[in-house]
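Read top to bottom, the protein sequences are chains U and R. By our numbering, the letter at position 64 of the first sequence is numbered 175, and the numbering carries on one by one without gaps. By our numbering, the letter at position 262 of the second sequence is numbered 373, and the numbering carries on one by one without gaps.
To be clear, the hints were calculated from the coordinates, so they are not data collected in a lab. Computed from a predicted model, the values in this text were never measured in an experiment. Not one of these hints is a red herring.
Estimated spans, in silico, between C-beta atoms of each pair:
1) E382(U) <-> V439(R): 37 to 43 Å
2) T218(R) <-> E298(U): 46 to 52 Å
3) Q369(U) <-> E308(R): 28 to 34 Å
4) E382(R) <-> T287(U): 38 to 44 Å
5) E147(R) <-> E317(U): 57 to 63 Å
6) T295(U) <-> A155(R): 48 to 54 Å
7) Y451(R) <-> S231(U): 44 to 50 Å
8) V285(R) <-> D251(U): 27 to 33 Å
Every residue gets a Cβ at the ideal spot worked out from N, C-alpha and C, and that includes glycine.
There are 2 protein chains.
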Amino acid sequence: MSTQAPVTTRPANYMDGTTIRDGMRDIVDRETPRIEKLVADWLARGLDQLYLIGCGGSFATLEPPKWLADKYSTLPVDRYSAWEFVHRAPARLTTRSAVALGSHSGTTEEVLEALRLAKSRGATTVSFSPSSTPLTQAADFALTYNSPAANLSKLLLGYMLITEVLVQHAQHPVGTELKNAIQTLPEAMHEAKQATEARSRALAAEYRDAQNFYVIGTGLLGGLAYQFAICNLLEMQWTHATSLNAAEFRHGPLEIVQPGLPMIFLLGADETRTETERAMEFSRRHGARIIAFDLKDIPGIHPLFAPFGVHLPLQWLNWYLGVERNHVISTRRYMGRVPY
Amino acid sequence: MSTQAPVTTRPANYMDGTTIRDGMRDIVDRETPRIEKLVADWLARGLDQLYLIGCGGSFATLEPPKWLADKYSTLPVDRYSAWEFVHRAPARLTTRSAVALGSHSGTTEEVLEALRLAKSRGATTVSFSPSSTPLTQAADFALTYNSPAANLSKLLLGYMLITEVLVQHAQHPVGTELKNAIQTLPEAMHEAKQATEARSRALAAEYRDAQNFYVIGTGLLGGLAYQFAICNLLEMQWTHATSLNAAEFRHGPLEIVQPGLPMIFLLGADETRTETERAMEFSRRHGARIIAFDLKDIPGIHPLFAPFGVHLPLQWLNWYLGVERNHVISTRRYMGRVPY
Numbered sequence: 112m113s114t115q116a117p118v119t120t121r122p123a124n125y126m127d128g129t130t131i132r133d134g135m136r137d138i139v140d141r142e143t144p145r146i147e148k149l150v151a152d153w154l155a156r157g158l159d160q161l162y163l164i165g166c167g168g169s170f171a172t173l174e175p176p177k178w179l180a181d182k183y184s185t186l187p188v189d190r191y192s193a194w195e196f197v198h199r200a201p202a203r204l205t206t207r208s209a210v211a212l213g214s215h216s217g218t219t220e221e222v223l224e225a226l227r228l229a230k231s232r233g234a235t236t237v238s239f240s241p242s243s244t245p246l247t248q249a250a251d252f253a254l255t256y257n258s259p260a261a262n263l264s265k266l267l268l269g270y271m272l273i274t275e276v277l278v279q280h281a282q283h284p285v286g287t288e289l290k291n292a293i294q295t296l297p298e299a300m301h302e303a304k305q306a307t308e309a310r311s312r313a314l315a316a317e318y319r320d321a322q323n324f325y326v327i328g329t330g331l332l333g334g335l336a337y338q339f340a341i342c343n344l345l346e347m348q349w350t351h352a353t354s355l356n357a358a359e360f361r362h363g364p365l366e367i368v369q370p371g372l373p374m375i376f377l378l379g380a381d382e383t384r385t386e387t388e389r390a391m392e393f394s395r396r397h398g399a400r401i402i403a404f405d406l407k408d409i410p411g412i413h414p415l416f417a418p419f420g421v422h423l424p425l426q427w428l429n430w431y432l433g434v435e436r437n438h439v440i441s442t443r444r445y446m447g448r449v450p451y
Numbered sequence: 112m113s114t115q116a117p118v119t120t121r122p123a124n125y126m127d128g129t130t131i132r133d134g135m136r137d138i139v140d141r142e143t144p145r146i147e148k149l150v151a152d153w154l155a156r157g158l159d160q161l162y163l164i165g166c167g168g169s170f171a172t173l174e175p176p177k178w179l180a181d182k183y184s185t186l187p188v189d190r191y192s193a194w195e196f197v198h199r200a201p202a203r204l205t206t207r208s209a210v211a212l213g214s215h216s217g218t219t220e221e222v223l224e225a226l227r228l229a230k231s232r233g234a235t236t237v238s239f240s241p242s243s244t245p246l247t248q249a250a251d252f253a254l255t256y257n258s259p260a261a262n263l264s265k266l267l268l269g270y271m272l273i274t275e276v277l278v279q280h281a282q283h284p285v286g287t288e289l290k291n292a293i294q295t296l297p298e299a300m301h302e303a304k305q306a307t308e309a310r311s312r313a314l315a316a317e318y319r320d321a322q323n324f325y326v327i328g329t330g331l332l333g334g335l336a337y338q339f340a341i342c343n344l345l346e347m348q349w350t351h352a353t354s355l356n357a358a359e360f361r362h363g364p365l366e367i368v369q370p371g372l373p374m375i376f377l378l379g380a381d382e383t384r385t386e387t388e389r390a391m392e393f394s395r396r397h398g399a400r401i402i403a404f405d406l407k408d409i410p411g412i413h414p415l416f417a418p419f420g421v422h423l424p425l426q427w428l429n430w431y432l433g434v435e436r437n438h439v440i441s442t443r444r445y446m447g448r449v450p451y
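Please put together the full structure from these sequences, using the hints given.
Next up, the structure:
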């Protein structure tokens, strides 16, 4: 896979083989009926508020579910990084609240603190975490995954949960449409994964020396832009990165555009596309180096599943940037090595 | 004021003289009774949702009001950049919603679009904008300011509005406490402004060549970190800048810390302080160049008014960075000069 370093020194890449498809299939098959029952129980007890809680990648993956809930449902939904939730201790957090908490390790200090706060208010809790983690064990209801594709797995669980809210609470036709589409999403992702590798590999070679990226998305792709900046570029590549919402780009950030600036734009196929296109075309006119990852180039993915489809070329880019730079992307300078 | 350029070539600085105090005093005196009546009217018509809408600096200043509403009130409140609001077209946006929209020019395309969407759903609208702008003229109810300190003015109107919600809707004692404190805030800001100039001026000299800042805050100071990054460093200084939430710092971003990295930490005096201190002390141990702007160093400002107090040393830093760099901070490469 690399000419710079023997592949045996590299960690397993969840982009290889059938890992993504199999992990998603497992989640869809096991958790669909359980989520139906969970949401029915919530509605029976008079649910009037949903909180979506996580940190880092887990936090990022909860943005699209919030977007879908806002657009199609009258249920109030808030999304917070876990300390933001704990310190706010929202007044609306009551016995009529449900709190969904995501953590791959299941040991994140502030996510467990958020769980305790939720329980102390009599709210019902649901976890997005692998089997047998402390979070899984402590939540009232555990949704689990068995896949190294942690953020994709949590994204899928968030989508499945909100989709069921749209079906049962909002009774919006898009709920049924998405619920049906989720059944075929694992296979569609497998196809799209294979279709997106070559271009990202070439881009990694082209951008191997870039040291300061701007990553821009909005709407369903705003969380993914943030995730790529903080979990991939900052955390794994040790490369400066700023994520911006395309809806905000015109209101200040555009003044940083200059010839040669590396910029990554994430384009969806819904009504938010226009804002990202405007920001991208502006930046192109003024000389920036543009990478566009566009759902329209990724066949077979429903427009409302944009953060699944666009995840794929980004992860290939992350992987091959590591290969090009001879940098093992699972290496950390600080996390798990020094006190925080 | 500068040895590099004659002061006559520079734009007026709203940090000079009594501009801040007088502008805030005017807002408090004129708008307090009008906001009392506005919120009473909202409650009489069965308000069940508040939306806070703006772009760039206007968007940033609406984060603390959202934080206060979440913590102390059961009224659902959402905050969006204007296109995010327009494209979501939230299902909860109804005749029982109020929509507050901020814009200094009052001509921002998507803010006016958001106003139209709100009206089309029968929601009631309120503007934060100077007198006589198109937004002021089009909103159902206009809250106005007459000050060049645009973001501080919109921040103040947002605080006054939410404070009145806490008084009348939540009937929480912190509402009355804040409402009383707002009466003396203009004078407190004037004192704090004078007390914060010298240190920021020295810091500007020390950091004049820094080209890539990380700006970190959380809670009531999360919006201000974002505002300083996009409205001051990117827009005015043309300097790379990333804002991060201190609650997220540990979950990826910390891996970018390295000796000499310029980092600005915004510290409040409430329960969120711990997260920012942890991120700051971690970064210091690993060699970053640290600027701390700490509300505890700014006397006379209530802890819940942190984004007012900490605004002051940041704006002095912005001003004196321009002086040190012989860069007129009102200069734009693109905004208002080329098509977007």
